[in-house]
Amino acid sequence: MSLLFAQYLQEMRKKHKFTQQQAIDHLLEVDIAFDKLDITTYSRWERGVTAPKLAKQLMIIRAFGGDITALMQTTKEDTKLTLEFERAINDIHYPYVIEEKLLPEVRSPSEASSPIMSRVLSFTEHYLGLEVSQELLNNPNVILSTIIDKTGHLVAHSLYSFVPADTPNEQLEPANSHTCPFTTIEKSQGLPLSLYNISGYASLPSPRVAMFMNTLDIIKKHPEVKYLITNCHRHSVYSLYDASAEVEILSRGERLKDGGVKVFGKSYRYVRIRVTAESLLASKVVSPLLPDTTPLLDAFKRQT
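Going by this note's numbering, the sequence shown opens with residue 1, and the numbers climb by one from there.
Worth flagging that the hints you see were computed from the coordinates, not collected in a lab. Warning: the hint list may mix true and false statements.
Under the rule of at most 35 Å between Cα atoms (straight-line distance), these lysine-lysine pairs were calculated in the DSBU-like manner [as the list claims (entries may be wrong)]:
(1) K284 - K56
(2) K150 - K17
(3) K53 - K284
(4) K14 - K221
(5) K301 - K257
(6) K15 - K266
(7) K301 - K150
(8) K53 - K187
(9) K284 - K221
(10) K14 - K36
(11) K53 - K17
(12) K187 - K17
(13) K17 - K36
(14) K187 - K15
(15) K187 - K221
(16) K150 - K221
(17) K14 - K266
(18) K187 - K56
(19) K53 - K221
(20) K17 - K56
(21) K257 - K221
(22) K266 - K17
(23) K284 - K187
(24) K36 - K187
(25) K56 - K262
(26) K284 - K266
(27) K56 - K301
(28) K221 - K36
(29) K301 - K284
(30) K257 - K53
(31) K221 - K56
(32) K53 - K14
(33) K14 - K284
(34) K36 - K15
Fair warning: this is a prediction, and the values are worked out from it, not measured in the lab.
Please take these sequences and the hints and turn them into a complete structure.
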């Protein structure tokens, strides 16, 4: 790993015609996390003597617009995290539907057909416990992805957007979306962002995998995305993130007697978390998937 990372640093400096100090200065401009990086440490990295943790290596590569998948080939599998991933992905919550023919669609909420939008709204409010305002649905910067089966049953949906990385948690409440500064990658002009999964659910494994791959693909391809913010409604999903990445709990839904997401011995309807992008990408269960996110998404679309 040290030699692969050292090779990247050497090639990067050659490409940008940077001195080592100029490379350090660029990293500091991108992220304050590099404020203590000195030229001695950087030189040791470039010579392969030492290397930072994988999460910081990915942060550096993303800062220079490089391909992070080059480091993934040496990542070892973590059996415990693999089991967490399988629990989060493989549950079937609606066994009456088979994964024979699924129809994915991506659009803005305002363009969705009334029946589909009504089902998404009803499900989000009554099952997931999130109150979605009409302003959110009319916002052109919000994306709605839905998957239905051949009989018209809704089996998965994902409602997401981007927000500035410093957006206060109060503005992230779906009911307060009129104050939330939703934006797009293009409109942000390189400023730090959070990918915000506002509402999402999949009752079958293959749409769940596709939704997760889409999240990873977005973060992998856009270094300006510094955080993933998501509302977890199942404990297995929360547990996967908590076990494999740097997670901060932003808020919790109503208390439940049982089910939902358990945190410190108490159960909640949902838990909103913020995950640092590089810690997620560097996870031993996620990093082996990164070279294949786009092919896996393409394969899912071909099967539907």
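Outcome of the hint check:
Distance restraint check for K284 and K56: the Cα-Cα separation of roughly 14 Å lies within the 35 Å cut-off, and the hinted pair is therefore satisfied. Of the pairs offered as hints, the one joining K150 and K17 is violated, with about 55 Å between alpha carbons and a cut-off of 35 Å exceeded. For the given pair, K53 sits about 12 Å from K284 by alpha-carbon distance, which is consistent with the 35 Å threshold. Note on K14 and K221: the hinted pairing holds, with a Cα-Cα distance of about 22 Å set against a maximum of 35 Å.
About 39 Å separates the Cα atoms of K301 and K257, which puts this hinted pair outside 35 Å; it is violated. Restraint check for K15 and K266: the C-alpha separation of about 52 Å exceeds 35 Å, so the hint is violated. The hinted pair formed by K301 and K150 meets the criterion: a straight-line CA distance of about 14 Å does not exceed 35 Å. Pair hint K53 plus K187 holds up; C-alpha atoms about 32 Å apart against a cutoff of 35 Å.
This hinted pair checks out: K284 and K221 have alpha carbons roughly 19 Å apart, not beyond 35 Å. For the suggested pair K14 and K36, the alpha carbons sit about 24 Å apart, so the restraint of at most 35 Å is met. Distance hint between K53 and K17 is fulfilled; the C-alpha atoms sit about 26 Å from each other, no more than 35 Å. A C-alpha spacing of about 29 Å is found between K187 and K17, which places the hinted pair at or below 35 Å, so the restraint holds.
In summary, the hint linking K17 to K36 is supported, as the alpha carbons are separated by about 23 Å, within the 35 Å threshold. Taken as a hint, the K187 and K15 pair is honoured in the structure, with Cα atoms around 28 Å apart against an allowance of 35 Å. Between K187 and K221, the direct Cα distance comes to roughly 16 Å. Compliance with the 35 Å bound is thereby established for this hinted pair. Between K150 and K221 the alpha-carbon distance is near 32 Å, which keeps this suggested pair within the 35 Å criterion.
Proposed proximity of K14 and K266 is contradicted: the alpha carbons are some 53 Å apart, above 35 Å. For a cut-off of 35 Å, the pair hint linking K187 to K56 stands: about 27 Å separates their Cα positions. As the CA atoms of K53 and K221 are separated by approximately 21 Å, the hinted pair is consistent with the 35 Å bound. For the suggested pair K17 and K56, the alpha carbons sit about 22 Å apart, so the restraint of at most 35 Å is met.
A distance of roughly 41 Å separates the Cα atoms of K257 and K221; the hinted pair therefore is violated under the 35 Å criterion. A threshold of 35 Å between alpha carbons decides the hint, and for K266 with K17 the separation of about 54 Å lies outside it, so the pair is violated. Our distance criterion of 35 Å between C-alpha atoms is met by K284 and K187, whose separation comes to about 33 Å. Of the pairs offered as hints, the one joining K36 and K187 holds, with about 31 Å between alpha carbons and a cut-off of 35 Å not exceeded.
Between K56 and K262 the alpha-carbon distance is near 30 Å, which keeps this suggested pair within the 35 Å criterion. A distance of roughly 28 Å separates the Cα atoms of K284 and K266; the hinted pair therefore holds under the 35 Å criterion. As the CA atoms of K56 and K301 are separated by approximately 33 Å, the hinted pair is consistent with the 35 Å bound. Taking the CA atoms of K221 and K36, the gap is about 27 Å. The hint holds against a cut of 35 Å.
Taken as a hint, the K301 and K284 pair is honoured in the structure, with Cα atoms around 26 Å apart against an allowance of 35 Å. Between K257 and K53 the alpha-carbon distance is near 40 Å, which puts this suggested pair outside the 35 Å criterion. Proximity of K221 to K56 is assessed by CA-CA distance (about 17 Å); at most 35 Å being required, the pair is judged to hold. Annotation: proposed proximity of K53 to K14 holds, straight-line Cα distance about 23 Å (limit 35 Å).
A distance of roughly 30 Å separates the Cα atoms of K14 and K284; the hinted pair therefore holds under the 35 Å criterion. Distance hint between K36 and K15 is fulfilled; the C-alpha atoms sit about 25 Å from each other, no more than 35 Å.
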